[in-house]
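One-letter residues, chain by chain:
There are 2 protein chains.
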Amino acid sequence: MAEHIVRQGSASVTELAESFGVSVMTVHRDLDELERQGMVRKVRGGVTAQASNVWESNIAYRLQAHTAEKDAIARVVAGMIEPGGSVMLDDSTTALAVARHLGDLAPLTVVTNFLEAIRLLAGSPDIRLIALGGEYRATHDSFLGLGCVDAVEAVSTDVVVVSTSAVSDQYAFHQEQEIVLVKRAMLRAGARRILAVDGSKLARVALHRVAPLDDFDAIVVDSAAPSDLLQRLRDRHGNVQVAEM
Amino acid sequence: MAEHIVRQGSASVTELAESFGVSVMTVHRDLDELERQGMVRKVRGGVTAQASNVWESNIAYRLQAHTAEKDAIARVVAGMIEPGGSVMLDDSTTALAVARHLGDLAPLTVVTNFLEAIRLLAGSPDIRLIALGGEYRATHDSFLGLGCVDAVEAVSTDVVVVSTSAVSDQYAFHQEQEIVLVKRAMLRAGARRILAVDGSKLARVALHRVAPLDDFDAIVVDSAAPSDLLQRLRDRHGNVQVAEM
DNA sequence: TTAATTTAACAGCCATTTTTGTTAAAAGTG
DNA sequence: CACTTTTAACAAAAATGGCTGTTAAATTAA
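From first to last, the protein sequence lines are chains H and Z. The letter at position 213 of the first sequence is residue 213 when you use full-length UniProt numbering, and the numbering goes up by one with no holes. The letter at position 210 of the second sequence is residue 210 when you use full-length UniProt numbering, and the numbering goes up by one with no holes.
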């Protein structure tokens, strides 16, 4: 439904109810949820896409999707983690996919600011879970801000896994300042830095540079990425790993 | 069922199955659970109450229960919080009861290390939620340790609400060192300190002193507490509030 | 004021999880 | 060895939580 609204720019409640075959009440409820996430704004009779966030919500979609790619990437990343060691995960769905594979690597220490990953790992015995606190952001379901950066700076892990929303020839990018600050802090806190991105992120840019690609010890991409982009990335960097699907 | 066993001192499996109208298998399963909790001991054909632990299990039980008391206390505590201000909550079920009332006080900033409270408040719009990170403890479902203490020390709130497992004439107590450290840090971080305890905690002690009762700006107890203990507390401290049930 | 829209409360439905009972095999007791 | 008790595995039943639609009341715009 959000996709529909973002494409159209706006929509009326009754129109949405009809085109999705649900009641007006349900539309209202779902819109309230989307509004809470900051994705749309409700006005009397309908909704408008939160203009400034068209990008972001587009990305939010991308994050939801590509689950097969992310899972393939996650498997490769998990293979790079030593049982008994420590990993830091950022608040990306790719990192979440990695978290799903961590149970097999126990005992393991996991550090993250992503509430969804915390929920997942809180149930695992033999996983020592350290949460990075900070201000809760509903849009990302994670903890950010100064508090989080401070918390990151108080720890160090063997491996750090981050994902960014865009990757060019030279840099990894993200559009939100707040998140960039946390990711950068995370990269400083890890001995080995892994960038995990699916093919849809390649050859794109976003507002803020997170870090040069050469700062990463490994860049993991799925094999379903466009082969020309993959090749280009491999030509320029010696640290690229391709996850077979 | 546990109550029945504790009263009788012991019981047979078939007897329990009949008197509760369930199958023998179900009795076995429930007894296994009680045994895991250290409340009873299984012997061939039946169970015996774990004498040394009757007290302790009673207390564990009481912590789960007393929801009505905790809710009454929570209502009073919530009334002491100004909308627009900030509150810190510890990882107690009493604090969780307070959290349930905070939605009405929005806008509000809430700081906590209790995952259950975080889950609850993450859904509330108009609540600015700040999580205190740290090492996750499944036994308390909260974040503790050095990381948490550091995080607490980086913030200050208008009000701090803590609950402890025991309260004597002079002090508030808790049996776990790790938790004591966090609670003490929290008390240092708040302008107004509220101790919220239900009547079952009165006139008891535990291993570690958390703080003298006079350090608190308010002590909130439910009216169902034994009246002699209540009176004694009020005689010695001018900051006692009784929550009517 | 009127009509449309939004909200709140309730009840039903679906999927998931938890609890329960049955059965059969295993273990323990005398 | 014969008998009782306990355990494991599976299927049925019950409970739970999430989502939906209906209705009626509240709110808002014209």
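Just so you know, the hints here were simulated from the structure itself, not pulled from any lab data. Some hints could be false.
To be verified - To spell it out: a stretch of chain Z is covered by chain H in this simulated footprint if at least three of its residues, at any positions, have a beta carbon under 8 Å from a beta carbon of chain H; those stretches are:
(1) 111-122
(2) 126-132
(3) 151-161
(4) 171-179
To be verified - No more than 20 Å apart at the CA atoms, straight line, and that leaves these computed lysine to any residue pairs for SDA-like:
(5) H/Lys42 <-> H/Arg7
(6) H/Lys42 <-> Z/Gly84
(7) H/Lys42 <-> Z/Asp126
(8) H/Lys42 <-> H/Ala138
Glycine included, each C-beta is placed from N, C-alpha and C at the ideal position.
A quick look at each hint next to the structure:
1. 111-122: holds (count 6)
2. 126-132: holds (count 5)
3. 151-161: holds (count 3)
4. 171-179: violated (count 0)
5. H/Lys42 <-> H/Arg7: With a Cα-Cα distance of about 16 Å, the restraint between H/Lys42 and H/Arg7 holds, given a limit of 20 Å.
6. H/Lys42 <-> Z/Gly84: violated (25 Å)
7. H/Lys42 <-> Z/Asp126: holds (16 Å)
8. H/Lys42 <-> H/Ala138: Given that 20 Å is the threshold and the Cα spacing comes to 18 Å, the pair holds.
The earlier numbered hints that this structure contradicts are 4, 6.
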